[in-house]
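Protein chains in written order, with the working numbering: chain U, 1 to 547; chain V, 1 to 231.
Only true hints are included.
Below, a list of computed lysine-lysine pairs in the DSS-like style, where the Cα atoms sit at most 25 Å apart:
1) U:462 x V:75
2) V:32 x U:494
3) V:75 x U:451
4) U:446 x V:75
Since the hints were derived computationally from the structure, they do not count as laboratory data.
From a predicted model like this one, the values you see are computed outputs, not experimental measurements.
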Amino acid sequence: MKMFRFKKLNKLGAVIAAAAIGIMSVPMAAQASAIDHRSYTYIYDYWEDVQDCPDVYDVYGVFTSTELQLDTKLSSPSGLFVYGDQIYLVDTGNNRILVLEKDDELGLKVVRTIDSIKYAPGPSTFNGPTDVAVSDDGNIFIADKNNNRILKVDQNLNYIMEFGLPDDSSLPKDAVFFPNKLVVDTAERVYCIADNINKGLLKYEADGTFSGFVGATKAAYDWYDYLFKRFATQEQLDRMQNDVPTEYDNIYMDYEGFIYACTGKVEPDDLDAGTVDAVRRLNLLGNDILVRNSDIPVYGDLYWGSAGGYSGPSYFSDVTAMDNDIFVCLDRNRGRLFGYDDQGRMVFAFGGNGNMDGYFRRPIAIEHLGYDLLVLDATDCSITYFVLTEFGQDIYAAIDLFDDGEYEASGEAWHRVLAQDGNYDLAYIGIGRSLLRQEQYKEAMKYFELKYDDDNYSKAFKQYRKEWVQSHLFITIFVLLLVLMIPLSIDKYKDMQVEIATSDVFRFPDPEDNMTRAEIKEYHKKLRQEAKEREKAKKEARKNSRF
Amino acid sequence: MAEIKIANNNILSSIGGWFKNTFNAKYWDSLKFSLYCLTHPLDGFWDLTHEKRGTYAAANTILFLTCFVRIMQLKYTSFLFIRVYWEELNIFLYIASIVFPLGLFVVGNWATTTLFDGKGRLGQVYIGVCYGLTPYPLVQVPLMVISNMVTNDEAEFYTVLSALSLVWCALLIIAGMGQIHEFSGGKNILFMIFSLFAVLVMIFLLLMFFSMITQGIAYFYSLYREFMFRM
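Between the sequences and the hints, there should be enough to build the whole structure, so can you do that?
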């Protein structure tokens, strides 16, 4: 179906017309500065306009080495992992892993420091660890990058096994294994991103055997490339670098066992054209199953102009997914967090580059503890702890209640959201969906129409139409019959008109004759008699002509 | 014996009669003739100019109706098909974006055909193009109603019918131009393409003209400022 969005179409028409009519000079220039002030939190509405929004998350605290009461200060930390209520923080520069827990007094406190392991065949300390993951059984997996290994140890730090460079013929012989990011599934299979390997995620079985690459991004490739390659020289082919699949930057395994993978190494043009994705949700086969039902693309900021020294698209350096299927992407470029729901619709965007609480200098990892968010800043060496505001709680409650099937309560929660922010698109759609489930189709349609949700609108309208037809059965049939009959009866109508216009009944005596009623009657009688005779004569004539 | 009259009982012709009294007979006939052109493009457009069946008034009416329907669509077509960013909608620019390309085409067509034995005059080309637009309001008004009765799944009906109305318009205009200029089929198509090129050239010239004018005014204005500053 072709959809007209008049924002763009209208602009085109306007430009042609304005240019030609010649009113170019004055009004065009004055419009550019619509987005001057931006609140901390914002969303994009249907028209891709920035809409200021009440804060969804508040800073609960920023935890640096001082707040965590560390003797050795954090040094370029790079990984976060939440296991239960424990936060694993990979302090890369100090070759250690800190385990933090929530504390009433301090906010966060260090409960454990992991800097060496027992019974290892290789070095017992780490060398530039970059990531950590803990399986359901409590075994700790550590990407010990500069030791070229992934370690698996138990909670008491006893060495269990390690994963090294896979023995795979597709890898170059001189390849060195630099595991960078990893996740572990419930069966203790390890998925890992390694530097300079762009064939996808390395997948290891629980027993350590390498079982292949998963979820490689498809190389951008079109007929032009194909033609070019047919006729290109070897030198030209060697220079073509950009059609290799992009490496992922980070991965996260959600509660269902699907892997969220994000990357910032994308060409802006490809992102704009939709040929590459900034974030994906991979199933076991490595296929992308992220739902993108929104008109707003899932790649963070829509406007990439240079502002404050930062330009280009958002660079997603990490992603985390909560239990309500909201996933939050971390933009390293502008220091922002982008939350999307299970349909790929934007829930919030907030943050920025700076030194204040809630702003970042080089955000590198994001995790969630319940519905709280933790962001790790590599330059600041700090963890920023975000908690939901009242507004955010209402949004999440509405989503949770809907998932639980409590549609009426969900609608009420969305109404509370709407009371706080009338420009929050998801609230309208949420109320609409709740009304749809309560079979109040007409009201639901109104809410969907307000925010141009055509799919849901059509669902509601279909039901509404059905109800209407059922309750107006006779009218419907009558109208349908009428529509069918009119074309059929047009010819008949024309014939009738001719007949009427030439009929004897409408031949009146001249008023000037001043006839009485009886005389007129007599006159009509005479006419009828004449007509009958004419008919008779006609019949006779026909009879005669036959013979 | 009294003279016998035949009463006029035809409803259509009585409405016609009302129109005849309200406007004039020629106008009403020429407007009705556009309906004939819908289904008989070759015959109709030949008579349009050669038998002087078309009038400027009727052509203006059709153009007005087209613009009017376009504007009504913004509001009354279902949002499934047309979504309007009201904040940036300028109704005059919107009308201009219909009328102006049409005007350019008329001038461009006349300018190219008149050099190559085209029989049509500028006014006749205008009337022809406007009469060619007749299917648009005629099809789009019922479609506007239908659009509010369909869901996403049935949207194709609307899209196809809507596209057909445009194709119909295009065919009528092409046929009309051929008849008005007394061109053969191939020559007619060729000059339609030439006309489009002419439109592009005119847009280019207009853009250049206005940017030059702007620059010129800016130059003299700055000269004036400088002069006043030094006085």
